[in-house]
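Could you build the full structure based on these sequences and the hints that come with them?
In terms of our numbering, the sequence shown is residues 5 to 441.
No lab work stands behind these hints, which were simulated from the structure alone.
Be careful, since some hints might not be right.
[Claimed, not checked] Here are the computed lysine-lysine pairs in the BS3-like style, where the Cα-Cα straight-line distance is at most 27 Å:
{"no.": "1", "residue 1": "Lys219", "residue 2": "Lys153"}
{"no.": "2", "residue 1": "Lys301", "residue 2": "Lys258"}
{"no.": "3", "residue 1": "Lys52", "residue 2": "Lys101"}
{"no.": "4", "residue 1": "Lys52", "residue 2": "Lys201"}
{"no.": "5", "residue 1": "Lys272", "residue 2": "Lys258"}
{"no.": "6", "residue 1": "Lys101", "residue 2": "Lys219"}
Computed from a predicted structure; not experimentally measured.
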Amino acid sequence: MRLRRSLSVAAAVAVATPVVLLTAAPAFAAGTPAAQTQHQPTYAELQKAAADAAKEYEDALAAENEGRKTVDATLAALDSDTHPLKAATITADKAAKDAADAEAAAEKAVADARAAVEAAVTDAEKAEAQQALEAAESDLAEAAEARQKADATAEAAQTALGDARVAAVREYGKLQTALEKALEAKEAAEEALGTAKECVRENGLTARAVGLPSKVVAGTTVDFTLRVTNGSERTLDVDPLAFVRVAGEGSGAKSALKVKWSDGSGWKALDGNRPEHIAPVDSMKPGEHSDVKLRMKVASGAGAADAFALFAADASSAYKPCVLGPMKRYDFELLPADSDPGTVDEADPGAPGKDDDKRPGTTGTGTSPQGGTPKQTTQTTPTTPTVRTSATGTGGTLAQTGTSPALAPLGIASAVAVALGAGTIVAARRRRGADNT
Numbered sequence: 005m006r007l008r009r010s011l012s013v014a015a016a017v018a019v020a021t022p023v024v025l026l027t028a029a030p031a032f033a034a035g036t037p038a039a040q041t042q043h044q045p046t047y048a049e050l051q052k053a054a055a056d057a058a059k060e061y062e063d064a065l066a067a068e069n070e071g072r073k074t075v076d077a078t079l080a081a082l083d084s085d086t087h088p089l090k091a092a093t094i095t096a097d098k099a100a101k102d103a104a105d106a107e108a109a110a111e112k113a114v115a116d117a118r119a120a121v122e123a124a125v126t127d128a129e130k131a132e133a134q135q136a137l138e139a140a141e142s143d144l145a146e147a148a149e150a151r152q153k154a155d156a157t158a159e160a161a162q163t164a165l166g167d168a169r170v171a172a173v174r175e176y177g178k179l180q181t182a183l184e185k186a187l188e189a190k191e192a193a194e195e196a197l198g199t200a201k202e203c204v205r206e207n208g209l210t211a212r213a214v215g216l217p218s219k220v221v222a223g224t225t226v227d228f229t230l231r232v233t234n235g236s237e238r239t240l241d242v243d244p245l246a247f248v249r250v251a252g253e254g255s256g257a258k259s260a261l262k263v264k265w266s267d268g269s270g271w272k273a274l275d276g277n278r279p280e281h282i283a284p285v286d287s288m289k290p291g292e293h294s295d296v297k298l299r300m301k302v303a304s305g306a307g308a309a310d311a312f313a314l315f316a317a318d319a320s321s322a323y324k325p326c327v328l329g330p331m332k333r334y335d336f337e338l339l340p341a342d343s344d345p346g347t348v349d350e351a352d353p354g355a356p357g358k359d360d361d362k363r364p365g366t367t368g369t370g371t372s373p374q375g376g377t378p379k380q381t382t383q384t385t386p387t388t389p390t391v392r393t394s395a396t397g398t399g400g401t402l403a404q405t406g407t408s409p410a411l412a413p414l415g416i417a418s419a420v421a422v423a424l425g426a427g428t429i430v431a432a433r434r435r436r437g438a439d440n441t
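Following this line, the structure appears as structure tokens:
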């Protein structure tokens with residue numbers, strides 16, 4: 005996974021009133037790639053976890069949908085008079101009603117027999133009435149017992165039907181619970197992946213121009229070096245970012261500056277209208293640095309003007325696909341041909357202007373979306389750094405050139421507006437999330 009920041013440039017040339025185009029850029033997430041614990045999942049693991057959680061959620065959702073159909077069908081079947089359980093309740097309820105009616109009839113027979121006993125006059129009548137009463141009471145006892153059995157059978161049938169309904173709903177409830185848990189897991193995995201995608205600022209990841217003069221005469225060529233150093237505590241895949249331009253030149257206009265960089269076997273031209281990545285370095289270990297040779301030629305007809313260069317380093321690690329080092333700005337002068345520049349010092353590196361390194365959705369430079377200042381890493385300066393150079397020379401390893409196939413673009417979307425005569429530069433670096441291809 006590699007970071008790619010691309011910077012689009014819009015140039016505005018004002019005839020009477022200077023124009024400044026401000027472009028918003030994303031905030032850097034608080035934290036640093038160097039502060040990760042060894043047990044922290046890698047970005048690839050977070051991607052896999054998010055994909056797995058999404059698949060489990062889709063499976064749970066499909067199961068819940070099928071479960072809903074099943075429970076609806078089951079409940080509908082249980083409500084049908086033809087279903088064995090429902091038919092059993094109907095039969096048992098009818099039997100219970102018949103038993104209750106029989107018990108009521110037996111109770112009436114007992115009452116009538118008692119009345120006959122009380123109405124009897126002779127001993128023979130009393131004996132006959134008493135015998136009828138005892139028979140009626142025996143029939144009532146049998147009817148009461150039959151009614152109790154019928155009620156129990158009806159209750160058991162209703163319980164069986166109710167249990168079947170509850171079981172169907174309970175099974176569906178399990179699918180709903182599984183879906184809820186799958187959604188929670190999916191959202192948690194997506195949140196973790198989203199947090200990992202957020203750009204972090206790594207102050208130890210530096211890009212510095214070496215040998216860039218503060219004055220350059222028209223018609224001359226200057227060689228200088230861009231040195232990118234991994235002063236963090238983690239191995240990074242690094243993309244140096246470079247942009248060199250004459251202040252006041254409109255976008256697309258023929259520039260007085262032509263800048264090339266060496267890949268070790270030849271020279272490649274910088275676009276000139278937008279910052280771009282050059283000489284990517286894979287697996288730059290802590291303390292290593294990579295040197296990129298640049299060659300700047302000033303057109304012979306160029307007049308006096310102010311110019312500037314912006315340099316930064318973008319990177320990614322196994323844990324963060326977007327790691328951004330601080331941007332440095334170098335201002336230098338262009339002098340007409342045959343000018344005597346006198347003693348020329350190297351251009352001094354400085355922090356970008358207040359809008360050069362602004363992220364979208366923020367009110368300040370490099371602030372978090374909440375307006376706070378992101379945590380910075382502590383730069384580690386090794387005593388004997390390992391040198392990796394992207395140009396031919398002594399020592400070191402030739403840096404890998406070209407774009408790694410494993411690198412999906414992550415970069416800056418920004419605009420640079422040039423106010424005529426004012427040289428106002430607005431550059432925004434913006435992260436764009438991408439996955440491995």
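### Query
Looking back at the hints listed earlier, which ones does the structure fail to meet?
Violated hints: 1, 3, 6; rest satisfied.
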